[in-house]
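> These protein sequences, in sequence, are chains C and V. For the first sequence, the working numbering gives the first residue as 1, with consecutive numbering after it. For the second sequence, the working numbering gives the first residue as 1001, with consecutive numbering after it.
Derived from the structure by calculation, the hints contain no laboratory data. Among the hints, erroneous ones may be present.
[As the list claims (entries may be wrong)] Examples of chain V residues toward chain C, derived with CB under 8 Å:
id, residue
1, VAL1073
2, THR1077
3, GLN1079
4, ILE1154
5, ALA1155
6, ALA1158
7, TYR1300
8, GLY1367
9, LEU1380
10, PHE1488
11, VAL1511
12, SER1529
13, ARG1533
[Said to hold, decoys possible] Rough simulated footprint, nothing fancy, chain V against chain C, three-plus residues with beta-carbon under 8 Å:
id, stretch
14, 30-44
15, 373-379
Values in this document were obtained by computation on a predicted structure and should not be read as measured data. Each residue gets a CB set at the ideal place from its N, CA and C atoms; glycine is no exception.
Number of protein chains: 2
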Amino acid sequence: MIDQVLLIVIAICIIALGLAAILTRNLLSQDEGTPKMREVSDAIRVGAEAFIKRQYSTIAVLTIVFAVVIFAVYYFTGQGDLALATAAAFIVGAACSAIAGVVAMWIAVRTNIRTAAAAQTSDGKALDFSFRGGAISGLIITSMSLLGVSLTYIALGADPMHTPFVVIGFAFGASFVALFAQLGGGIYTKAADVGADLVGKVEAGIPEDDVRNPATIADLVGDNVGDCAGRGADLFESTAAENIGAMILGVALFPIFGVNGILFPIVMCSLGLLASMIGILSVKGKDGADPMDAMNRGYYITAIISAVFLAGGVYWLLAPGTANWIYFVLAGFVGIALSVAFLRVTLYYTDHHYRPVMEIADASETGAATNIITGFSVGLETTAIPAVLIGISLLLSYWCGTMTGIPNGGLYGTAVATIGMLMVCAYVLTMDTFGPIADNAGGIVEMSQAPDEVRNRMDKLDAAGNTTKALTKGYAIGSASLAVFLLFNAYMADIAKLTGKAFDVVNLASVDVFVGALLGAMLVFLFASLAIRAVSKTAQSVIDAVRIQFKNPAIMAGTQKPDYAAVIDITTQGALRNMVVPGLLVIAFPVVIGITMKYEALAGFLMVATITGILLALILNNSGGAWDNAKKFIETGAHGGKGSEAHKAAVIGDTLGDPFKDTAGPSLHVLIKLLATLTLVLAPIFI
Amino acid sequence: MIDQVLLIVIAICIIALGLAAILTRNLLSQDEGTPKMREVSDAIRVGAEAFIKRQYSTIAVLTIVFAVVIFAVYYFTGQGDLALATAAAFIVGAACSAIAGVVAMWIAVRTNIRTAAAAQTSDGKALDFSFRGGAISGLIITSMSLLGVSLTYIALGADPMHTPFVVIGFAFGASFVALFAQLGGGIYTKAADVGADLVGKVEAGIPEDDVRNPATIADLVGDNVGDCAGRGADLFESTAAENIGAMILGVALFPIFGVNGILFPIVMCSLGLLASMIGILSVKGKDGADPMDAMNRGYYITAIISAVFLAGGVYWLLAPGTANWIYFVLAGFVGIALSVAFLRVTLYYTDHHYRPVMEIADASETGAATNIITGFSVGLETTAIPAVLIGISLLLSYWCGTMTGIPNGGLYGTAVATIGMLMVCAYVLTMDTFGPIADNAGGIVEMSQAPDEVRNRMDKLDAAGNTTKALTKGYAIGSASLAVFLLFNAYMADIAKLTGKAFDVVNLASVDVFVGALLGAMLVFLFASLAIRAVSKTAQSVIDAVRIQFKNPAIMAGTQKPDYAAVIDITTQGALRNMVVPGLLVIAFPVVIGITMKYEALAGFLMVATITGILLALILNNSGGAWDNAKKFIETGAHGGKGSEAHKAAVIGDTLGDPFKDTAGPSLHVLIKLLATLTLVLAPIFI
């Protein structure tokens, strides 16, 4: 039976990889545009590949060190039999996560030029190319995550009662790499962006993506390493961690559902992958149409098919265990509904058609201070509806689970909801990677001085990319917030297994849990501080490097090519140097808390860090998105348009929002899950 | 015995009030300066008194409505015997809090002119006057709080086992008024400040406090209604809420300490008041000296005498109950030490001699965006050390309490630490009120176009005032963070009393408590959003009103006096309109949570809201303070000085910081305690 169910997962993953291969072959056979375009694109590709190579070398060293730590933890706490398996799972997870990031970037830097070339003749074709480029990443990353979990599970013996607790090493490896990938990439992309803007647009008064600015190529490289590689690693570890967390909950229900309850999460996600493939293939660009229409339609198709698959999957795998299985279907629908609701709310807060962005644009008329005050107030406000939605979803899916009448059914209800939300992951990842590809293609068109009509086509696609990037951040945080509750319970189940005593109370009224909770919330703020600071420090180096080149009159006159590689090199060094300390801090701090204050205080730490992390990520992502779109709205001619005082104010707000939405915010998504998998894997030293 | 102990409290309060009366008489007999000064001062006084009158009328209506609600809650939950007493205690607390605010402001608007007059000849005398003006407020507010609690306790029957649970109505009344006073005053002061700066300094290019700017008087009024009246009400309710919370913990220890354990908090605070009087009298201004030296010396004197009194008080009241009473002394020392440590940390983060402010000033050279990114990053960072300090203090004082060997001793240890911190309250309040008085005196000197030497004397005092304001915010948040833990436990004791069942577990791992916690954290962010938004909305009205007046060339030429009263009126209306919704929201929201999700989820809500509130208040207060001082540092000539690009950038950062540090941040202090007293008073409907 195990093999049959897992074979389905493996089969779907192979189909998805096959589809990705076909899409890749088609894409690579497309036209690569003018020589000028190729020149820009080559520079981006070389820069991105150089960064990724150096970044992953650093991460590889950290991974090996940590693998040794994990081995030692298990070995010296009398669990020598698990030491090698857990450390190996960790390394495999880390390696898969790294490959996921590299693949996402490899595709992106090859798709951007083809999208730019297509934009010479057709915006529908440009959408098709960039969207399919995104789809390749989405399919590969999701199937690698599912395959990785499945194969690790089989390799570790497929013992339903014990193996899931070891497979968590895989998830931790994935989170570990994702943290550094997202943080390093996020610092790179925003340091280059902020640096390029400040020294180019503000100081020298030349337009964005101007060929004379030596930081522009670094900026375009940043889109790939931050948005593609970073988000790829982020969602890879999300699916891994959340699936394994749900599998651990399934262990408690083994008497009822057998191994089906444990494998349910990955089977459902593979069915979701199938639904996403259908959704992806339904997207077809049309000249002159709003690209968001086609992508939204694809999303709804994916969501509806996922819902049908979910109902079928529950009937197939869980109905034999409970007569009231229909309530699990409802719980799954709650998850799917939450994913749609989160996209709508994010759209409301970051799109210029609605009140928040309009208010920020209005406030720009009285200067940068009011622009920022208003934007920050909007950011804080964006916590309200999402928190209520998460709360309702948790309570509702828990209630559904309870109604099935099985013991621990409530918790499993939240797990089913999480899985419902995760089913659309491959499609969301597609939309997400589409964003930076379109952004890059726009940059290539701009820098190769293509005709205006080509630029206009790309601007439309670029704007859609900004929207999808904001939406997928909303999705990432929404799915994380449902998932963490089951990850907490997985942690508690793990501790109970280790101590042989029930552990189902985390008493916030006891002084050590309260202090743990306080320190957990603090860590989130401190981490955000370090991430933002890293951007401003690295941006400062970029500014200094560009200023030196601007002193050369030949570069400003456009007669000499600026030294792009020098700036890329400085940004790379800065990003790598500045990612290590915050990354190690968030790993070391909970370990210290756990060792000194023990597992219950650490649970308080973990839970309140998670709550604060979710809310702060919402604040940072949405305020950043709103500032960005307020600026874009003004650039369409509102409030005086480009060059007006309002525009200058809006540019300052946008610059502040950059590290918020693309460095600190997304890194917090990863942090939340890293804390959960970290505590799970290192549980033996906290008791 | 009751009477004897309480008589000491009452006697010390009467002495303090007597000292305040003497200081007031001396102060009022001083010279009121030039006619020009009096003209400015009169305008400030009239504006402040008009605002306070209208503000308290609104608050009075809200108070009466809520008193009826409280009566109904008790009446319809079968506790008719407590209904009238609790509602009455609420009204008395509200009235006392209002009086405290009015007194603080009454003194301040009379001291400012005398300080300005003294500055004509001596900076030592100017310090003496402004500091004593602050002392009058500090002494009156603290003694009113202690008298109010004592007399309410006696009036309600002085039954040690039951009365403390009713006296909490007093604390809730105080918090209720303080919330609106601080919020309304905070909106007023910063809307006027931001409005005046944006339209005066930025748009019209005229200096701060220029007589031609119709918003300057409103700005000076704001210092009084926000900083004096608001902070006065804030610290009044702090001492009330924290004393009563500690008294409730004392109830559990009645078998050990008798009534001494219950009255211990107010007796200690009255001894602290005595210590503060000695500290206050030790401060003597010296011409040419740094005013901070004299004030710091006074603070250390107060802290040392408090420590001695604390040891004596513990021996006297608690030693008969436990042989290990010395551990309670140590717990109290932890509290006193924490108050000193918080002042040092705040100083580090907001003073230009240290790394954080210097970094912000450096970052101003590359523009407003980097100034704000750096400042925000500093703000986030400032949560780290305070959170660790609070954590250590809680654990240490709890441990001390445990070492006394009495049951529940740990909790009482945290109560003693809180009381230790509260003992210096009157002195801190003195330093706090000194700030806006010095600020106002500076404004009067500026607007009456006094000679440069007088301005220079006032600038020095004004700078010291900025420091003391930042320090006392640090103290307020530090004491709140220790106190809330005992307030939670008071809430749990209250629930246990009402249900007749033990209530000592708040299980964060249960889904409803977790959702409660999530919503609690969210409420804090939402409230901050509304507070900041209220400032920007009100500031917009101020800007519009000033622009109309600036169109009059006679005003700009200085030949016609601008219509100050019109701007004061608009600011008043805006502040009152915008304070009601956020205020009612934070009251209604927990009530809804408590009614629908019951007391345990509400406890999770309360605790995590508190954690988030403490940290967010630190972020907002300290980033605001750091931006302010970075600007001031640049104005001393660093980074190009006044008028440079760096200065312009720093002004934008400072403007953003205004609503952070003077509206949202201080309102969060009150919110934290309001939530605690609210849940205590309304406990009957949450079961």
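> Any hints from earlier that this structure breaks? Give me their numbers in increasing order, please.
Hints 1, 2, 3, 4, 5, 6, 7 and 14 not satisfied by this model.
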